[in-house]
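Chemist: Chains A and B are the protein sequences, given in the same order.
Numbering of the first sequence is given in UniProt numbering, commencing with residue 1 and proceeding in unit increments.
Numbering of the second sequence is given in UniProt numbering, commencing with residue 1 and proceeding in unit increments.
Keep in mind the hints are simulated off the structure, nothing from the lab.
Keep in mind that this is a model prediction, so the values were computed, not measured.
Built from N, CA and C at the ideal position, the CB exists for glycine as well.
Check the hints yourself; a few may be wrong.
Unchecked claim - Partner residues aside, some chain B positions facing chain A, computed with beta carbon under 8 Å:
#1 L237
#2 V239
#3 G447
#4 W449
#5 S459
#6 P549
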Amino acid sequence: MSNFPWLTALVVLPLLGAAALWLLPAGARARARTVALGFALAQVLLAVGAFAAFDTADAATHQLLETAPWIPALGVSWAVGVDGVGLALIGMSVVLVPLVVLAAWREQGSTDGPTDRLRHYLALVLLLEALIVLVFAARDVFLFYVVFEAMLIPVYFMIGAFGGAQRRYAAVKFLLYSLAGGLVMLVGVIALYLQGPGGSDGFLVENLVGLEMDPNVEKWLFLSFFLAFAIKAPMFPVHTWLPDAAQQAPAGTSTLLVGVLDKVGTFGMLTLCLPLFPAASRWAAPVVIVLAVVSILYGALLAIGQKDMMRLVAYTSVSHFGFIVLGIFAFTSTSIAGSSFYMVNHGLSTGALFLLVGFLAARRGSQQIADFGGLQKVVPVLAGLFLVVGLSALSLPGLSTFVSEFLVIVGTFARHPAAAIVATLGVVLAAVYVLWLYQRVFTGPVRPELADMADVGARERWVVGPLVALMLVLGFVPGPALDLVRPPAQESVAQLDVADVEPTTTTTTPAGTEGSDQ
Amino acid sequence: MSGFTAPEIAWGPTVPVLVVLLAAVVGVLVEAFVPVARRRVVQLALTLAALAGALLAVAALWSDVARTGGTDVLGGSLVVDGPTLVLQATIALLALLSTLVFADRVAGGEDAFAPSAAAVPGSDYEELARRKGLRQTEVYPLLLFATGGMMLFPATTDLLTLFVALEVLSLPLYLLSGMGRRRRLLSQEASMKYFLLGAFVSALMLFGIGLLYGYAGSLRYSDIAAATATPNGLEGLLVVGALLLLAGLFFKVGAVPFHMWTPDVYQGAPTPVTGFMAACTKVAAFGALLRVVYGMLPGLAWDLDVVLWVVAVLTMVVGTVAALVQTDVKRLLAYSSVAHAGFVLTGVIALQDSGITAVLFYLLAYGAATVGAFGIVSLVREQGVGDDDGPAVLGEATRLSQWAGLGRSHPLAAVTFTLFLLSFAGIPLTAGFVGKFAVFSAAVEGGAWQLALVGVLASAAAAFFYVRIIVLMFFTESPDETVPAGPGEVTSLASAEAPDAAPAGSTPAPVLTAQAERSARATVTGGEGLTVVAVAVCALLTVVLGVAPSPVLDAIASVAVLLP
Numbered sequence: 001m002s003n004f005p006w007l008t009a010l011v012v013l014p015l016l017g018a019a020a021l022w023l024l025p026a027g028a029r030a031r032a033r034t035v036a037l038g039f040a041l042a043q044v045l046l047a048v049g050a051f052a053a054f055d056t057a058d059a060a061t062h063q064l065l066e067t068a069p070w071i072p073a074l075g076v077s078w079a080v081g082v083d084g085v086g087l088a089l090i091g092m093s094v095v096l097v098p099l100v101v102l103a104a105w106r107e108q109g110s111t112d113g114p115t116d117r118l119r120h121y122l123a124l125v126l127l128l129e130a131l132i133v134l135v136f137a138a139r140d141v142f143l144f145y146v147v148f149e150a151m152l153i154p155v156y157f158m159i160g161a162f163g164g165a166q167r168r169y170a171a172v173k174f175l176l177y178s179l180a181g182g183l184v185m186l187v188g189v190i191a192l193y194l195q196g197p198g199g200s201d202g203f204l205v206e207n208l209v210g211l212e213m214d215p216n217v218e219k220w221l222f223l224s225f226f227l228a229f230a231i232k233a234p235m236f237p238v239h240t241w242l243p244d245a246a247q248q249a250p251a252g253t254s255t256l257l258v259g260v261l262d263k264v265g266t267f268g269m270l271t272l273c274l275p276l277f278p279a280a281s282r283w284a285a286p287v288v289i290v291l292a293v294v295s296i297l298y299g300a301l302l303a304i305g306q307k308d309m310m311r312l313v314a315y316t317s318v319s320h321f322g323f324i325v326l327g328i329f330a331f332t333s334t335s336i337a338g339s340s341f342y343m344v345n346h347g348l349s350t351g352a353l354f355l356l357v358g359f360l361a362a363r364r365g366s367q368q369i370a371d372f373g374g375l376q377k378v379v380p381v382l383a384g385l386f387l388v389v390g391l392s393a394l395s396l397p398g399l400s401t402f403v404s405e406f407l408v409i410v411g412t413f414a415r416h417p418a419a420a421i422v423a424t425l426g427v428v429l430a431a432v433y434v435l436w437l438y439q440r441v442f443t444g445p446v447r448p449e450l451a452d453m454a455d456v457g458a459r460e461r462w463v464v465g466p467l468v469a470l471m472l473v474l475g476f477v478p479g480p481a482l483d484l485v486r487p488p489a490q491e492s493v494a495q496l497d498v499a500d501v502e503p504t505t506t507t508t509t510p511a512g513t514e515g516s517d518q
Numbered sequence: 001m002s003g004f005t006a007p008e009i010a011w012g013p014t015v016p017v018l019v020v021l022l023a024a025v026v027g028v029l030v031e032a033f034v035p036v037a038r039r040r041v042v043q044l045a046l047t048l049a050a051l052a053g054a055l056l057a058v059a060a061l062w063s064d065v066a067r068t069g070g071t072d073v074l075g076g077s078l079v080v081d082g083p084t085l086v087l088q089a090t091i092a093l094l095a096l097l098s099t100l101v102f103a104d105r106v107a108g109g110e111d112a113f114a115p116s117a118a119a120v121p122g123s124d125y126e127e128l129a130r131r132k133g134l135r136q137t138e139v140y141p142l143l144l145f146a147t148g149g150m151m152l153f154p155a156t157t158d159l160l161t162l163f164v165a166l167e168v169l170s171l172p173l174y175l176l177s178g179m180g181r182r183r184r185l186l187s188q189e190a191s192m193k194y195f196l197l198g199a200f201v202s203a204l205m206l207f208g209i210g211l212l213y214g215y216a217g218s219l220r221y222s223d224i225a226a227a228t229a230t231p232n233g234l235e236g237l238l239v240v241g242a243l244l245l246l247a248g249l250f251f252k253v254g255a256v257p258f259h260m261w262t263p264d265v266y267q268g269a270p271t272p273v274t275g276f277m278a279a280c281t282k283v284a285a286f287g288a289l290l291r292v293v294y295g296m297l298p299g300l301a302w303d304l305d306v307v308l309w310v311v312a313v314l315t316m317v318v319g320t321v322a323a324l325v326q327t328d329v330k331r332l333l334a335y336s337s338v339a340h341a342g343f344v345l346t347g348v349i350a351l352q353d354s355g356i357t358a359v360l361f362y363l364l365a366y367g368a369a370t371v372g373a374f375g376i377v378s379l380v381r382e383q384g385v386g387d388d389d390g391p392a393v394l395g396e397a398t399r400l401s402q403w404a405g406l407g408r409s410h411p412l413a414a415v416t417f418t419l420f421l422l423s424f425a426g427i428p429l430t431a432g433f434v435g436k437f438a439v440f441s442a443a444v445e446g447g448a449w450q451l452a453l454v455g456v457l458a459s460a461a462a463a464f465f466y467v468r469i470i471v472l473m474f475f476t477e478s479p480d481e482t483v484p485a486g487p488g489e490v491t492s493l494a495s496a497e498a499p500d501a502a503p504a505g506s507t508p509a510p511v512l513t514a515q516a517e518r519s520a521r522a523t524v525t526g527g528e529g530l531t532v533v534a535v536a537v538c539a540l541l542t543v544v545l546g547v548a549p550s551p552v553l554d555a556i557a558s559v560a561v562l563l564p
């Protein structure tokens, strides 16, 4: 089984699922939900197989490689392969999809049986899953770009066709922001190819790493890539599409959008920007770090001020993405490993938060915080789940998010103490927005119109339960996951050609001096 | 007197063009001798056979040309090399698909053309022609003549032949534009405008040809190119002549500032003609432009660079910005075609071998999406007063507001149209993306990365109006769905609207224009299935060229060398 094309299989299976859903004969459409769930769960099994085939001891090198010519005339190959970070992100995405399918069970008017709308929606979810796996596995810059852009189409329809009242505005805003970034990256992609060796496999990442480039060219190329990733991530000041998209999209879509898709931005910074343009990355790092810290604080402050729960969660993500970017551009193996782990945890935590808000919104018919109050007594289980997930968003020790956030801050402190100290304020602000939200929604007197709200049912427990369990497991036993992300982090730092700074040295003072010589 | 020595003619390589032109002549005879009732079938069969024959002829010539690089024909007036064959095959294929759209009729037997184009709109004679069920079948020979001219256009290496080919392709198009069955005044206005502007530009071009002849003493591209190498004090003639010549070509491709005719003509012409014209003319004209810029004027590259850059940037920007505010789908596609001309120009400017391949591929991808998109436009009709067989089908619903909710009522048509729009917008996994990627790569490779940057920014802005149509089709309720109507009333709205109107069958066509001003809801007709076939082929091409472009790209790249 060593030659089994795991990654291609992981791409093809959900595509088959989407095709099956679309082609389902009229008689079998009542089973659309089961079919979708079946494919999503089969995908989980396949991913388990891929994890088994992956050699964790060698997590820094890309494994499960497959390379075949695709468009030789343009230098494009079908090249897939993952290192520890890519695999972890694929695992996280694959776990989220069946939960999103399950969460959409009664959406889109499906009270009794699945409606046609739901069938189309689920097919789009599976289509998106295929693209997600591919984007995390792509080892060819062109292939990465193609998927990066192609992903917009299913998401565009998932927001625009299935979302809330302002969905059209949100979908178009999302698409135009992403396209603008993506197309600028296209020029960078072309120019990068021409810098490289060219030929029929000139877009392979390994052919493009370590090129000798004119420093100015490298800076421009870095900027063209970074802009696309910053919009995707999203970072301050190009984040404004996210709150609108998240507010209008169905909860499951927001989960995939924020939990998974936005990771493509930070993943791209980590796996393309850093290794392809090391000198330019070092050049840009101070500015990026400042922007990241601004994102952390700005996102958190705006989250505190939100009236709409979906928007609130979206702004918390802006803050969290600030942490991830900060860790990546601090250039220490600890901070980068923390950021990689953060990407996984943020997907679980924010995904769960979006799904829970979705449950609340479905019950009340509103996402406004002011429409809730005192729910603790009415729906105790939902309240408990919400509290746990909310605490994970503020990185409570014992939950997986704590581990990653701690690593980011510690790793950053070793090189940029000031940035780390300011970023820590974000943690405090996180406590404010999470606990204040909980207070307004769940505590206080029970509002009469909410008195007969139903608590989470069995299906909903299955949606959130696995995520909470994963957060706890990864919180107490983070070792195996960190084994996946640490070696690639060390590899990244080595490629950057900067001296790694171990956090243990922070008690003495060389961190400051090493930081200043950049 | 040395006397006239007849040039030796290699007939073989000209077969693709000859087949089409001969069939056009036969088509004229068919008009004269075949009974009215059978003309349409005979003409259609003849046209399809001729175009398929041309494709086969190109295929037969292919291996030879791929081996030898091509041949001079007619003493160097024509060159049959790789790019010629690729362009001729593209034109023949797109014309073949357009023919299917031309020939399609909606229920009731109406095609897109006026029964008697010479009749004054609204006159008794027109009404008589309509009652007698006359059919315009001259459109097929006209289409073939135009196609023949287009196939000749990119093959010429001689300014005089270039001019003749230009006229052969243009004159039938002027006529065809004026033959719309509906909104006849608009159609005739379009025809007039196209003719006047076209004639004006032809004159400019002829003047330019004269100046170039005065400069070089020859009409051959290669001679002119050779003459530019040695200064002879007449450079003023050369530059002005070249600019005038380029103006003519820019007019044909619809590049700013010579684009003014496109929106009006595209909107007024019968939709099948618009599709044919938008796709094939552009292919032919860019073919000729490639040959002129690469073959005749490389010595002038320094002087012309500024002009080409300005035109390319203006074309991309103006086309995109103007398209943003359009409310008619045909005008919108017209401005989008202007923007596309700008994108192709970036590939032309690259002056790289990869630029030739890129331009040729782009033209194929763009042409397929264009014919398909206009094919769908010709199927989206206003729904008229119904009779027992269901609602009648009226003219095309071209106002964008009428397309609202089409994705709900006719998902297949809307999804296919979306595919073409995504291809225009250059979204990955469609042919349009590969084309855009190829031309922008060529531009960056040729050092014109600023041009590529303008191109991608224009693409991002262009995406806005393509997406606007998608939003309209899928995410917007159709106008009568939003009317607060009780259940059951919605579906019968069209028939309830005009209970006192005469049955649709006896409503004269021009009267319908008044009715079309009201917001009739749009429906999609299947026609006789011919357009559906054409659209399906275009959709298939768009997807296949987007996902697996390798075979086609390799085939083009293997022969993409221009002979001098």
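Chemist: Next, verify each hint and record whether it holds.
Modeler: A quick look at each hint next to the structure:
no.	hint	result
1	L237	violated (38 Å)
2	V239	violated (32 Å)
3	G447	violated (10 Å)
4	W449	holds (6 Å)
5	S459	holds (5 Å)
6	P549	holds (6 Å)
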